[in-house]
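Engineer: Please model the complete structure; the sequences and the hints are all you need to start from.
There are 2 protein chains.
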Amino acid sequence: MSDTVKYVLDEKDIPRHWYNIMADLPSPPPPVLHPATHQPVGPDDLAPLFPMAVIQQEVSQEREIEIPEPVREVYRQWRPSPLFRARRLEKMLDTPARIYYKYEGVSPAGSHKPNTAIAQAFYNKQEGVKRITTETGAGQWGSSLALAGSLFGLEIEVFMVKVSFQQKPYRRSFMETFGAKCIASPSDMTEAGRAVLREHPDSTGSLGIAISEAVERAVQRDDTKYALGSVLNHVLLHQTVIGLEAMKQFDLAGDYPDIVIAPTGGGSNFGGITFPFLGEQLRGGRKIDLVAVEPSACPTLTRGKYAYDFGDTAHLTPLVKMHTLGSTYVPPGFHAGGLRYHGMAPLVSHITDLGLVRPRAYQQTECFEAGILFAKAEGIIPAPEANHGVKAAIDEALRCKEEGVSRAILFNLCGHGHFDMQAYRDYLDGKLVDQEYDESEIAMALAGLPSVA
Amino acid sequence: MSDTVKYVLDEKDIPRHWYNIMADLPSPPPPVLHPATHQPVGPDDLAPLFPMAVIQQEVSQEREIEIPEPVREVYRQWRPSPLFRARRLEKMLDTPARIYYKYEGVSPAGSHKPNTAIAQAFYNKQEGVKRITTETGAGQWGSSLALAGSLFGLEIEVFMVKVSFQQKPYRRSFMETFGAKCIASPSDMTEAGRAVLREHPDSTGSLGIAISEAVERAVQRDDTKYALGSVLNHVLLHQTVIGLEAMKQFDLAGDYPDIVIAPTGGGSNFGGITFPFLGEQLRGGRKIDLVAVEPSACPTLTRGKYAYDFGDTAHLTPLVKMHTLGSTYVPPGFHAGGLRYHGMAPLVSHITDLGLVRPRAYQQTECFEAGILFAKAEGIIPAPEANHGVKAAIDEALRCKEEGVSRAILFNLCGHGHFDMQAYRDYLDGKLVDQEYDESEIAMALAGLPSVA
Chain D
1 MSDTVKYVLD EKDIPRHWYN IMADLPSPPP PVLHPATHQP VGPDDLAPLF
51 PMAVIQQEVS QEREIEIPEP VREVYRQWRP SPLFRARRLE KMLDTPARIY
101 YKYEGVSPAG SHKPNTAIAQ AFYNKQEGVK RITTETGAGQ WGSSLALAGS
151 LFGLEIEVFM VKVSFQQKPY RRSFMETFGA KCIASPSDMT EAGRAVLREH
201 PDSTGSLGIA ISEAVERAVQ RDDTKYALGS VLNHVLLHQT VIGLEAMKQF
251 DLAGDYPDIV IAPTGGGSNF GGITFPFLGE QLRGGRKIDL VAVEPSACPT
301 LTRGKYAYDF GDTAHLTPLV KMHTLGSTYV PPGFHAGGLR YHGMAPLVSH
351 ITDLGLVRPR AYQQTECFEA GILFAKAEGI IPAPEANHGV KAAIDEALRC
401 KEEGVSRAIL FNLCGHGHFD MQAYRDYLDG KLVDQEYDES EIAMALAGLP
451 SVA
Chain C
1 MSDTVKYVLD EKDIPRHWYN IMADLPSPPP PVLHPATHQP VGPDDLAPLF
51 PMAVIQQEVS QEREIEIPEP VREVYRQWRP SPLFRARRLE KMLDTPARIY
101 YKYEGVSPAG SHKPNTAIAQ AFYNKQEGVK RITTETGAGQ WGSSLALAGS
151 LFGLEIEVFM VKVSFQQKPY RRSFMETFGA KCIASPSDMT EAGRAVLREH
201 PDSTGSLGIA ISEAVERAVQ RDDTKYALGS VLNHVLLHQT VIGLEAMKQF
251 DLAGDYPDIV IAPTGGGSNF GGITFPFLGE QLRGGRKIDL VAVEPSACPT
301 LTRGKYAYDF GDTAHLTPLV KMHTLGSTYV PPGFHAGGLR YHGMAPLVSH
351 ITDLGLVRPR AYQQTECFEA GILFAKAEGI IPAPEANHGV KAAIDEALRC
401 KEEGVSRAIL FNLCGHGHFD MQAYRDYLDG KLVDQEYDES EIAMALAGLP
451 SVA
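Residue numbers (the working numbering), protein chains in the order written: chain D, 1 to 453; chain C, 1 to 453.
FYI, nobody ran anything at the bench for these hints, they're computed from the structure.
Treat the hints loosely; a few may be bogus.
If several chains are the same, the list does not tell them apart, and a pair holds so long as it fits within one copy or across any two.
Said to hold, decoys possible - List of simulated lysine-lysine pairs, BS3-like, C-alpha gap at most 30 Å: (1) Lys181 - Lys431; (2) Lys248 - Lys12; (3) Lys181 - Lys91; (4) Lys12 - Lys91; (5) Lys130 - Lys91; (6) Lys91 - Lys125; (7) Lys125 - Lys6; (8) Lys6 - Lys248; (9) Lys287 - Lys305; (10) Lys287 - Lys6; (11) Lys401 - Lys287; (12) Lys287 - Lys321; (13) Lys181 - Lys125.
Treat the numbers as computed from the prediction; the structure is a model and nothing was measured.
Structural biologist: Here you go:
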């Protein structure tokens, strides 16, 4: 009835290095370009936004990058995070599959986001920065940076996508409890925000707009930098603690994953759990089926174009080559706000382009259905973003049953749903509906892509 | 800046036995009486409410009671829970005190309540029970029993105090996600509820009323039993896993607490962390200062009368001798709903009467202020109930500073505040006000105490 199998690591097993996939890629990802000159950007171009240690990580080719001791110290509060074998779920599905999940909801912010928030706060503090600006969608990233800012004594200013600001007031309370400022975006605090409001006074916002606002506020002030919670190489790098721990835990289990699954919004959750395994494969180790799961209503990897695009709406960021729906595209307001981004991590796009990833998209109701099944079996209510991974894992487990094959399935349960109970309320009340992207709006946004030679 | 000190135990260190303080008390607590005859109740009197294994635990004198393996199996999902040294808080307070906290918010329901919910669900399932009824205040207990019911295949019916049902809709969603039924109390489903509604159609409910409803529903059906989340001996027994683990963790730390602090509503949180330490003291070990913290607006231990009283409003329960404000007293609707009970665990009342406990009461705003200070230092937002323990711990640490003495302070951080962000919102907006109990209402309720020879 209740056989909990938990693979626990000792504190000394918290990785001492992050893993940098750049060292093992068969070809490097296309360079990041300056928005005006379309020439590859150098460290100086990024210096107004990020501390130098972070910029160096962004372009590093070293396989292992040391985790600073003060960062490991904070990690120790909740790391190593547990790896569970989902035996009760396996029984419920009557599947021969071996389902494992890495649970990142044990962090004080309830998701994987502190893995990079702590690191970024540390590097900013070390370089004398006083204040960090950022954007947040569902609020998990903003909460994590608020927490990190509080621990390292930094002011945090969070532009929160307006639709989430209104739907998730408790996320704002969470950030403010840690002393952060939380502003609904688009706001009238920035030129980028005012421009949107002039044209669309009722704009519900988007991550692209919020990024513009946060970037604008950072470049205006010398003592202020900007932080991003996903997409960029250094963010994915910091998240590899997840996969590195999982590898050690599979050693304990005497098993190895055949399939690794993660929800994919900006790509840091996916990169965090898959890159260490993919690195093994690229260095001649066992081949793994990598599944990137995205919402059908924001189908970046499955319907987007692999092209150079801006990370934000106001076109303040450098150009990166990524799967994109167009930087001006505003996705419908579904509940998995963390997956509501027009673009994708360049590294995830690159390996998808290389054929190393199998992307797939799900509607939100089927994801919530899977999440509730999971909660009843395993006792944990997943975040709406995490439900996408749960759904794919259940589908793979059912495929095992159909084919009469036992495969080891690993997914990253990247966060709990404690701040998303309104979404569950809607689902339970039968009010949650699937949302469709607007083909013509995407086409229009893609038509506006910058032309890069 | 960030020196996390976490004392981690191995899975094999999850206790194999609960600790029963009855074996070590200098005198037994007064007997539980039948509500009609005023004679001590026997097992048969309690059989309509509880499974026999639980009834035996309620009256057992054995020092150690074995934890069934299937219960330990579920415990393994989150136990052993971590013990932290709050070094960042110590620095912030500039105190020579050594502050430790045991963190029970790591459970899937976010509080210590699953420690007993899992055990009670197991015993009910084992004895063929199909359905369990219960009441809940803030929702932490109802959520935990919903979780336990889901894992053991039992139907769960939760009567939730109406003011909390309305203030905390997400707790209801949480329970329903696990398949439980959640009913606002007073309801028209029971005679007890209807009686209240006839007299007070706008009643916001109380734990006493909700208990009456749950008990009534249980005794009406042969396949249904009742479960209580605090107060009774067996509940406090199950919670001793907290204190037993903490003792082992203090061994690791090479330290021993001088002061042990816990919030006190029904008493299970307090009993859970203190009884193993008190047992040591009673068997000739080191004397410890035990601090029970309650809300000033429901001051059971500090202002109540130590007398026989009913556990519920409709007087369906047996009579127990406890500190009480009178079973008909309805406390004001403050945010720490889990501490909003007119009575107290008979065991906690008994040891308080024996002079072994130092009770104290705090207003809610000072508790939230302490909670926010704690969050900023330690990264965890405590539940409003837990803030009472935080406040007392901070006060004791400041007393150490004043006196220039280093003492080891242990408190039970019994749950996180993820479902209580509205309370933090109110605090941050300056809208949270202290609430006073009504002296004359308490006097009236106490005047109605049953006269027991």
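Engineer: All hints are to be evaluated individually against the structure, with a verdict given for each.
Structural biologist: We went through each hint and held it up to the structure:
In this assembly of identical chains, the alpha carbons of Lys181 and Lys431 lie at most 30 Å apart only when taken from different copies (19 Å versus 32 Å within one copy). For the homomeric pair Lys248 and Lys12, the shortest alpha-carbon distances inside one copy (12 Å) and between copies (20 Å) are both at most 30 Å. Taking the shortest alpha-carbon separations for Lys181 and Lys91, only the inter-copy value of 24 Å comes in at or below 30 Å, while the best intra-copy value is 46 Å. In the homo-oligomer, the alpha carbons of Lys12 and Lys91 lie at most 30 Å apart only across protomers (25 Å), although the nearest pairing inside one protomer, at 34 Å, exceeds that limit.
Taking the closest pair of Cα atoms, Lys130 and Lys91 come within 30 Å of each other only across two copies (21 Å); inside a single copy the shortest separation is 52 Å, beyond that limit. In this homomeric assembly, Lys91 and Lys125 come within 30 Å of each other (Cα to Cα) only across copies, at 19 Å, whereas the closest approach inside a single copy is 48 Å. Taking CA atoms no more than 30 Å apart as the test, Lys125 paired with Lys6 passes between copies only; the shortest distance there is 24 Å, against 36 Å inside one copy. Taking CA atoms no more than 30 Å apart as the test, Lys6 paired with Lys248 passes in both settings, with 13 Å inside one copy and 21 Å between copies.
Taking the closest pair of Cα atoms, Lys287 and Lys305 come within 30 Å of each other only inside a single copy of the chain (27 Å); across copies the shortest separation is 70 Å, beyond that limit. In the homo-oligomer, the alpha carbons of Lys287 and Lys6 lie at most 30 Å apart inside one protomer (25 Å), although the nearest pairing across protomers, at 37 Å, exceeds that limit. With identical chains, the CA atoms of Lys401 and Lys287 are at most 30 Å apart within one copy only, with a shortest distance of 22 Å there and 59 Å across copies. For the identical chains of this complex, Lys287 and Lys321 are intra-copy neighbours only, at 26 Å inside a copy versus 67 Å across copies, given an alpha-carbon limit of 30 Å.
Taking the closest pair of Cα atoms, Lys181 and Lys125 come within 30 Å of each other only inside a single copy of the chain (18 Å); across copies the shortest separation is 49 Å, beyond that limit.
Checked against the numbered hints above, the structure violates none of them.
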